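Peer 1: Here are the chains, one letter per residue:
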Amino acid sequence: MRFTNPIQRLQIAPGGVRKRITSNLFCAFALLLTCVSCIEPYEVEVPKQDNILIVESMLLDHPDYQRTRLYFQHQDGPRELIYNAIVSISNKAGDSWPLVVTYDGSYVPLSGSIVVAAGDEFQLEIAIGDSIRAVSTWEKVPEPSEIDTAFIEAKYRSVVNNRGIETTSKGIEIFVSTKPVASENTYLRWTYEDTYAYDAPMASDLCSECQYCYIQEEVENFIELAEVLNSKGKVLSGKSIEFVEFDERFGIRFAVLVKQLTITKAAYEYYKSINQLNEARGSIFDPPPAVLRGNVSNNLRPTETVYGFFEVGKYSEASARITKSDIDFLIPSFYENCLVPNPGTDCFDCRTREGATKIRPDYF
Amino acid sequence: MKKNYCYLLLLVLFNYDGNAQDVSEWKTKIGQLEKAFGIDIYYRDEWVDASKVTIPDTSLPRDQALGAFLSPLNLSYITYRKKLVVLLPDSTARRFASSSEDYGSQLKIPEGVTIIGDLKSFGTQRNATIRGRILDANSGDPLVGANVMLVGTNRSTSTNEKGEYSFQVPVGLYDLLITTVGYIEERKPVAIVGDGQLSTELFDTTYELEEITIRERAFENNVTDAKMGINSIDVASIRRLPSFLGEADVIKSLTFLPGVSSVGEGSSGFNVRGGNFDQNLILMDGAPVFYPSHMLGFFSLINSEMVDNLTLYRGGVPAKYGGRISSVLDIRLKEGDKKRWNGNVGLGPITSKAFAEGPLIKNKASLALGVRVASADWILKRTRSIELRESGARYIDFQGTIDAFVTDKDKVRLSGYMSGDRFSFAQDAIYSYQNNIYSVSWTHSFPQNIYLKVNGASSDYDFEVENTETLREYIMQSGIHYKDVKADLTYDPGNGFQAEVGVLAGKYNIERGELEPTTISSLEAARSLQDMNGIEKAVYGSLEWKPASWLTLSAGSRYTTFDQKGPLKIYSYDPALARDDDAIIDSTSYAKGDVINTYSGFEPRGSASIKIAEEQSIKIGYNRMRQYINIVSNTAAVTPFDIWTTSGTHFKPVIGDQYGIGYFRNFTKNKLQTSVELFYKEVQNVTEYKNNADLFLKDNIETELLQGFGRSYGAEFLVQKDAGLLTGWVSYTYSRSLRTINGELEEQKINRGKEYAADFDKPHTLNIVSTYKLSRLWRFSGNFTYSTGRPTSYPIDKYVFNGIVVAQFSERNQFRVPDYHRLDIAFSVDGTNKRKAKVETSWTFSLYNVYGRKNAYSVFFSQRNSDPPVTPYKLAVLGIPFPSVTFNLKFL
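As you go down the protein sequences, you meet chains A and B in turn.
The working numbering numbers the first residue of the first sequence as 77 and each following residue consecutively.
The working numbering numbers the first residue of the second sequence as 1279 and each following residue consecutively.
Treat the hints as calculated values from the structure; they're not laboratory data.
The model shown is predicted, which means the values in this text are computed figures rather than measured ones.
Glycine included, C-beta positions come from ideal geometry on N, C-alpha and C.
One should not assume that every hint holds.
Claimed, not checked - BS3-like mimics (lysine-lysine), calculated; alpha carbons at most 27 Å apart, straight line: (1) B/K2076 <-> B/K2027; (2) A/K341 <-> B/K1847; (3) A/K341 <-> B/K1687; (4) B/K2076 <-> A/K341; (5) B/K1689 <-> A/K308; (6) A/K246 <-> B/K1659; (7) B/K2032 <-> B/K1968; (8) A/K308 <-> B/K1976; (9) B/K1999 <-> B/K2051; (10) B/K1764 <-> B/K1440; (11) B/K1689 <-> B/K1815; (12) B/K1847 <-> B/K1761; (13) A/K341 <-> A/K231; (14) B/K1815 <-> B/K1847; (15) B/K1617 <-> B/K1689; (16) A/K434 <-> A/K400; (17) B/K2076 <-> B/K1466; (18) B/K2076 <-> B/K2032; (19) A/K341 <-> B/K1949; (20) A/K341 <-> B/K1976; (21) B/K1689 <-> B/K1761; (22) B/K1968 <-> B/K2027; (23) B/K2027 <-> A/K216; (24) B/K1440 <-> B/K2076; (25) A/K310 <-> B/K1976; (26) A/K216 <-> B/K1999; (27) B/K1968 <-> A/K216.
Unchecked claim - Quick partial rundown of chain A residues pointing at chain B, CB under 10 Å, derived from the structure: (28) Y118; (29) I190; (30) K216; (31) N306; (32) A356; (33) L368; (34) T381; (35) D402.
The task is simple: from the sequences and hints, build the whole structure.
Peer 2: Listed below in structure tokens is the structure:
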């Protein structure tokens, strides 16, 4: 599990020219005054809400992305998966697809997958007990914009920390290029998963399965967006979507599967707002934080906010990889991490490492 | 005195020439008296009844002989400089006697008394209008707010922005006392015989008291003037207040006034009585200022050296002002010295400046010119960040005025301001903005106390960012351009009655933004927002009069119209849906010059002051103001790239109604002034941004904004001490500013339609501003300010969505950042106390934020990887004590 530093992303901020202006203006000016501005932790007491419905729902033209997860968010606690909801998706033509819950709490179409064509409009409906009859707004599938290639480059880059101090770090940068865009205004969201080869440094010769594994990671807390206006026929070329600092994962081979989602404007705005709220640094020029509302509401309690979003769109993917020989920088080895008093079990058995698999992913 | 003597001779010649035949006998006898006593006698022939002329007895002492000769004629006399004797009817002489300690028919004007008025008309007037100008003896600059009073009477007035005063008094002998802060008071014995003029000059003094004063227009006028909520600020005193980085800031100093606040340090703009920052009209010699800051808000646009005076109208706005609903800040720039050249230079840690003024044609035309240059580059070069070392922040501004008396009755003023700010960040981007503000005015004095002033103004603000970051290269520009012409006609006979009428026509052109990629490989799409255009016209009239000695009334109205003009394409939206791009059902294109919408309405204003006892009054007032342009912003502070927009199809004009009542009481001969003012304000069509609005380069901005209702109310308490070793004021304000945005659809509501606190709502504000005179040269100043933290939204929840930690924020402004308080101190020393020194030096040692409080500008919630998700942090913009030294060298 990896947490991507939003401050790093600030340097490759998507579309928002304004954000770029404000970030620069503020971070530089705060420092301009000989670091007189200061940021320090602060205690805030706020009343928390309880039992709020979270909707994580995607309907893309890819079977892996036609699933809905529902949770209750409890006060100061973990979220609780909901298994007992009645969930369905319908389109404007009057077709309806009931979704059934799987063992991991995902609601998926009962039979096969739903055909998601550009221009179709879908709605999500959820019923839970007597208190929730949640319904999304109608979401129209956008014209697809396909990814052409993804590529990786090893490089130095400067990052600015929260205090505005610049440091240099070494790592890889992931880029994408799209095919010519089909529609006038296009809204894109990227996510990715990665896999690296892992060699358990202390694996016993007696355990052949223990030595080599593929470690798969799904990126978390990652939002990369682009709003491409007047985009018809335009190609987005060499768009940087992520920078990952070097660590032991690059010791053998590292591969990424970049997933490009063509999403609706509403979904773009929703993610952009999350991004904006998460990257807020309280500056003079920051827009004030505000309540975030998705596209799902509970008809029985219309004043209560339903968290989350029913995201409809088109899917496209591309992969890229880099091996140690492509990297001129010194990469820490797996071995170093195991030279500690109580090494983890994954030092002895690669299969115990989180995300480990013995099956080589196609894109690796 | 010489002048008067000559004048008397002329008068006498006139009399002899015109009446030689009719009163020959009388004249012979007067001649005898003149010869016998070696005097010259002046009189008007029509006062003499020839049948009652007797033979003068020149053997008697002079006074007895004159008394006996004049008594049957019902005439008295006054003696001037022992040799001049002026005859006057008894009725007039009694009036003189009643106003003088010198009783009896043998009324004398003591030596050194200035005669005001035309002796020829002497005796014909019961009341006389006195007018004149009070100037600085060194520079010839007009002194604003100087108090002119007749000692021993309740007659007094104060000088206006041109240093002029006028008032009506019964003819008689008086002591005229002229006082103003920082100048030696002048007491002049005067004989007021008719309408006339008295102008004088006061000497500045470095060792007399130099109080910090805010004034309800000088001394007791805060009690007698009908208008409320008006503060004039003495610019010299602002310079002695502790300041941030040593640069006296005329706009930021306003926040020490009751009812005025700002959202935080380093922020540009100010809020008046619960109004948004774009509801303040800032006028520089009649030209509006659209973005009033340098270096993104840390410094004000206006060079304090160039300011003559500034007046803030936070209530009681006269009908001649309009266009914004909260306040008017009228800044008058300095008039150059018409006698001799002088100047000064100042050095501060960031800003250096020079100022010069002097005559272009002696006593006729003058020039004043100020320049400031500021650079923070040397600080940036010392930071640890590579990017910052490659960055730069600079500004420069020029400000100048030319004043010329074309004739005795015509005065022309040219005023200009140019500034440029440049801010570069690393090698990625260069931000720059310019203000170009000019005005020209012509003032003509007609007979019968009528004045005409014609003013033309132009104000341009342009912002540009050039981004050179790879793949994102672009240039983006925006701006606002304004031109107007206005004319005012004032009738001011000086008896407490004043009438004013005027017209204005102004033109707006708003360039809302244009983005051009600068390379072929740039990913940025060219975008150009449509310009907004409009014409604002106004006609107004106002009256001020005193129906009784205890009552002063002021009433007026303004009638304004606003035409939204083409070219413009306007979208129509499905009324059943929230305004969004998807809800567009139609669009209408208008050609250049087409009038798209017209709005108009009256703006009545009125106030009354009721004097309930000596040094005490109650005032009431009402104001309506209309506003046709707004800033489109969702930040709490003004930013240099904020765009303005006009009223139009989707935005109705903002209308503000303000009601006020106040109690004013002065103590110890007006040296201690106190007041309590209550106000209630309602604002229709107040504009607010939607939650998570994206206002940047948005053509149909109406999709991101909502209009609703706002109200604010409050109580302002002020205690001010103008004299003594310790001077200053304490003000406390309780006020609220609330908004209700409750459209029909859910998307057209904020906080689900319930009333909420505006972004700048700060209920409690306490300001203490004081100066203590330590010695003749040393002075200590201290400010303390406290205010409630501004409202904000906090996360009430956090949750994970698609692997992303999301902070769920509360409804708008349900929480507040911590309270703000700060103490600043300054020691200043003026290096000379000589009145005729050639050079004056002064040093100011300032410490801003003495106890280094980390006042929160904001509280935000970080997603740094080192923290648990949604960890609260506090941002303090100036969280340490901030010392500075400023040196000023003045050439006299």
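Peer 1: Decide, hint by hint, whether the structure agrees.
Peer 2: Here is what the structure says about each hint:
no.: 1; hint: B/K2076 <-> B/K2027; in the structure: holds, 24 Å
no.: 2; hint: A/K341 <-> B/K1847; in the structure: holds, 23 Å
no.: 3; hint: A/K341 <-> B/K1687; in the structure: violated, 66 Å
no.: 4; hint: B/K2076 <-> A/K341; in the structure: holds, 24 Å
no.: 5; hint: B/K1689 <-> A/K308; in the structure: violated, 62 Å
no.: 6; hint: A/K246 <-> B/K1659; in the structure: holds, 25 Å
no.: 7; hint: B/K2032 <-> B/K1968; in the structure: holds, 14 Å
no.: 8; hint: A/K308 <-> B/K1976; in the structure: holds, 20 Å
no.: 9; hint: B/K1999 <-> B/K2051; in the structure: holds, 14 Å
no.: 10; hint: B/K1764 <-> B/K1440; in the structure: holds, 18 Å
no.: 11; hint: B/K1689 <-> B/K1815; in the structure: holds, 26 Å
no.: 12; hint: B/K1847 <-> B/K1761; in the structure: holds, 24 Å
no.: 13; hint: A/K341 <-> A/K231; in the structure: violated, 33 Å
no.: 14; hint: B/K1815 <-> B/K1847; in the structure: holds, 24 Å
no.: 15; hint: B/K1617 <-> B/K1689; in the structure: holds, 17 Å
no.: 16; hint: A/K434 <-> A/K400; in the structure: holds, 21 Å
no.: 17; hint: B/K2076 <-> B/K1466; in the structure: violated, 76 Å
no.: 18; hint: B/K2076 <-> B/K2032; in the structure: holds, 24 Å
no.: 19; hint: A/K341 <-> B/K1949; in the structure: violated, 65 Å
no.: 20; hint: A/K341 <-> B/K1976; in the structure: holds, 14 Å
no.: 21; hint: B/K1689 <-> B/K1761; in the structure: holds, 22 Å
no.: 22; hint: B/K1968 <-> B/K2027; in the structure: holds, 8 Å
no.: 23; hint: B/K2027 <-> A/K216; in the structure: holds, 25 Å
no.: 24; hint: B/K1440 <-> B/K2076; in the structure: violated, 61 Å
no.: 25; hint: A/K310 <-> B/K1976; in the structure: holds, 21 Å
no.: 26; hint: A/K216 <-> B/K1999; in the structure: violated, 69 Å
no.: 27; hint: B/K1968 <-> A/K216; in the structure: holds, 23 Å
no.: 28; hint: Y118; in the structure: holds, 4 Å
no.: 29; hint: I190; in the structure: violated, 19 Å
no.: 30; hint: K216; in the structure: holds, 9 Å
no.: 31; hint: N306; in the structure: holds, 5 Å
no.: 32; hint: A356; in the structure: holds, 5 Å
no.: 33; hint: L368; in the structure: holds, 6 Å
no.: 34; hint: T381; in the structure: holds, 7 Å
no.: 35; hint: D402; in the structure: violated, 22 Å
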